[in-house]
Amino acid sequence: MLELRGVSYRYPGYARQVLSGIDLSLADGEIVGLVGPNEAGKSTLCLVASGLAPASVGGTLGGEVLIDGRSIAGQAPFELASRVGLVFQNPNTQRSGVTATVFEEVALGPVNLGLELAETVERTRWALATLGIADIAGRDPMRLSGGQAQLVAIASILAMRPPHLVLDEPTAQLDPEGTRLVGEALRALARTGTGLLIAEHKAELLDAICQRVVALDGGQIVLDGTPADVFEDPRIAAIGVEPPARVRIAGALAARGVAAPGPIG
Amino acid sequence: MTTEASTPSLSPEDRAYLRSLAPATPSPYHRLNPLTKAIVATVSTLAAFVLGGYVAPAAILVLLVLPGAIAARVTARLVRVALLISLPISISVALVSVFTRAGTTVLFTIGPFDATLEGVDFAAQVIVRLFVLAMALGLFGLTTEPRAFVVDLERRGLSPKIAFAAAATLETIPLMIERALAIQAAQRARGLDTEGSLATRIRGVMPLVGPVILSSLTEVEERSLALEVRAFGKPGRRDLLWTLPDDARQRILRWALVAAFVALTIGRVAGLVPALP
Amino acid sequence: MSSAWLRVGVAAVVAIVVLVVGLAMFGSFDTTANPDTGLVAGSNSFMLVLAIALLVGFLAYALLEYLQTRRLDSITRQFDTRTIVLMPIAIAINIVLGQTVGTALKIPLYLDSIGTILVGALAGPIPGALTGLLANLIWTFVLAGTPFGSPYAWPYAIVAAEIGLLAGVFGYYGFFRSRPNTAIPQLAGGLAVAALILFGLVFYGVLPFYAKGFTFFGDTSGVDQFFVVIAYAIAIGLVLALAALAIQLFVKRDLGVAFIVVGGAICGVISALISAPISAFVFGGVTGSGADILVAAFQQAGSSLIEAVFQQGLLQDPIDKTIEFIVAFLLLQTLSRRFTARFPQGERAVGVISA
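Chains as they are written, first to last, in the working numbering: chain A, 1 to 265; chain B, 266 to 542; chain C, 543 to 897.
The shape of chain A in the complex, shown without the other chains (with noise of 0.2 Å):
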């Protein structure tokens, strides 16, 4: 279970807060989409929720984040690494370019930790097929596309196997090729039993797979609820957020006074 009670986050230097009463939390297993227009917070909160802020970036957080009841503060990255993953948007930044292989980029994580090499090997494997990129293993990670890694990057940090796991945006710098692996590989994500955070724009992914939604805007929470919920509630559009094409579609139709014949897509 990962929470974050009353949190309020401040970059150094900066006197504005980004963050402020966020009060948030994700049960084991459970999915749970983050949306919210730009400059909103959401990269900042996937930060804070990954421990990454303040212990990496720095600055002034408030409350508490806890995993399974206790305060994450105070730890450095590399003994959250394994508790909490977070998965950037750049497939290029989050290459670690000492790798000569897929398989070594996605192991990578696991011999940080130190573990022994048959447990290296054999979570690296079912990370591999989780993602369906095992017949990429013996690749170059230079040589590949923006989705294959980004799958890659995703893999990597699964092979820690982390309870829970932040995404950050995943495919946005991604062609619709990109977005669709990613995509399928988030379904798959959501099927190991891995505690997901999702932030994104495309609110069709989050439609699809996430047993929540939360609304983010000024850095404090909208809206939390389902996915219905929140995508039909006309706050959505009002703060700058695009709900997903069913939505949008009933509520044209609903313009010109044409009941929606039910859930599309």
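Don't read these hints as lab results, they were simulated from the structure.
C-beta: ideal position from N, C-alpha, C; glycine also.
Do not take every clue at face value.
Said to hold, decoys possible - Label pairs and their computed distance ranges (CB to CB): (1) A:Arg16 <-> B:Ala450: 40 to 48 Å; (2) A:Pro37 <-> C:Pro727: 45 to 53 Å; (3) A:Ala188 <-> B:Pro273: 16 to 24 Å.
Fit chains B and C to the given chain A structure using the hints.
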């Protein structure tokens, strides 16, 4: 996930797969431990400089460098590379030293320049040393993958962080070179490299400096966060996927080489070992 | 913690021993080759021996710790993740700029230490020194045979380490801070102090090497004059470039420029003093760059080999290092505060963020 009741063990197929990840070693010399090859290269180079003359560098080439090159079947390529490296500076050395070194025996004269025998001798000695350097280093470079060297150093106790920094440099350089070349080509198209006054050319450096350097530097933050999330810097030894073998014979050879070099150096400096021609 | 003090003590003793032995054995600044040993007697140079002694002392410290604990933790603990990620990029910057600028843009500068200076200023003297050292070693040993390899870089690794060390120290004392909109009196005072320091450097550290054998309108032999005029032309060109950069910054009334120029000049003089014996001994006075013509010019004007190398170095190095310090200064100002502040020495180097 449920915890495993028994710890997994490596199957023979897994072991074979992991071994296949290590760099290929097509000859017995390639198969030598990287540290051995590094020490051979270092001792050869330094000994050539310490001993000086012509006989010593030739002996070093024949005793330390050529056997390895032949065993690794890279002799032709090595000589070509070594000549390529040492030729430009050899020309510079020749031009500067031959004509400017004070000497008594004038061989010939070109205009106001006097070529002395002492100058030719000095230049020749320097060129010979540089050639040995190029050969020794070239042999190491042609038979050792940098990744393998870094992995071996980590097995011997080098911090994983420093090992990472060394290995990461090897990827960063080609990437940055690509970016720099692209910008250079654009600069040349705009005539900013060879034309203009010195001040213009200095100002021409900044557009090169800017994109290449700034873009690399701004990535540092993202890259370090991405590494920390993968437990980078966790203290303790890492169980690496593959390592390079080492044996007692190589260890003895390494110590013998270092000891011989130290002895020769001390003897040389103290005047005990005579200067060979 | 007694084991740490033991290491420091042993390292200090080793460094002093190497220093004494080195000075005793090569006891002169004589520049002719000793016919017996073949070594250029003047290859000692106090600065070079000192630098080697410090390096050996540091290695003794590291070796002892390795033998004690099988690891080098007290040193690596100073390197946090950002430093580790920055170092390869800094090394690549050194190599790419050093190889490209010198050859492609045909500027008589080295410009191969900007990465080192950045790491030194942001992360500290030890990471800076290591960056310089590794950059030169990789430049030669790893890139040998590739278009970006240079076989001449490795002996100067110790000079590069000294540059990183100095950059770290200067960064620690805030030399890289921008101080814009300084009041005119303070600006004038700062410039006066800087000018005084520079004058002292030149008078005591540089001019003695030019005392003999460098006449402008000396012998009427046409050769002498030709080379000497070229030497002056290059020198004046470099000084003009430096002045142009400095003036651009003075326009913003930024007192930081004074600090940077002084820091660069000091670094340049020390670098020249260490690298001259290396050039003379290892490469016979040839540095593999356009500086060779300066060396030849000075030799033609009557200097011996090592004197000529000193004269060339003391002309080119301070200017080159000052330009590099200025470039690093500009870069540090351009980079966002959020980037620089998180480095171990970042806030000290660039100044505290306000609001």
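Verification of the hints:
1. The hinted window of 40 to 48 Å between A:Arg16 and B:Ala450 holds, with their beta carbons roughly 43 Å apart.
2. At about 50 Å, the beta-carbon gap between A:Pro37 and C:Pro727 stays in the expected band of 45 to 53 Å.
3. The supplied range of 16 to 24 Å is met by A:Ala188 and B:Pro273, whose beta-carbon atoms lie about 22 Å from each other.
Comparing the model with each earlier hint shows no violations; every hint is respected.
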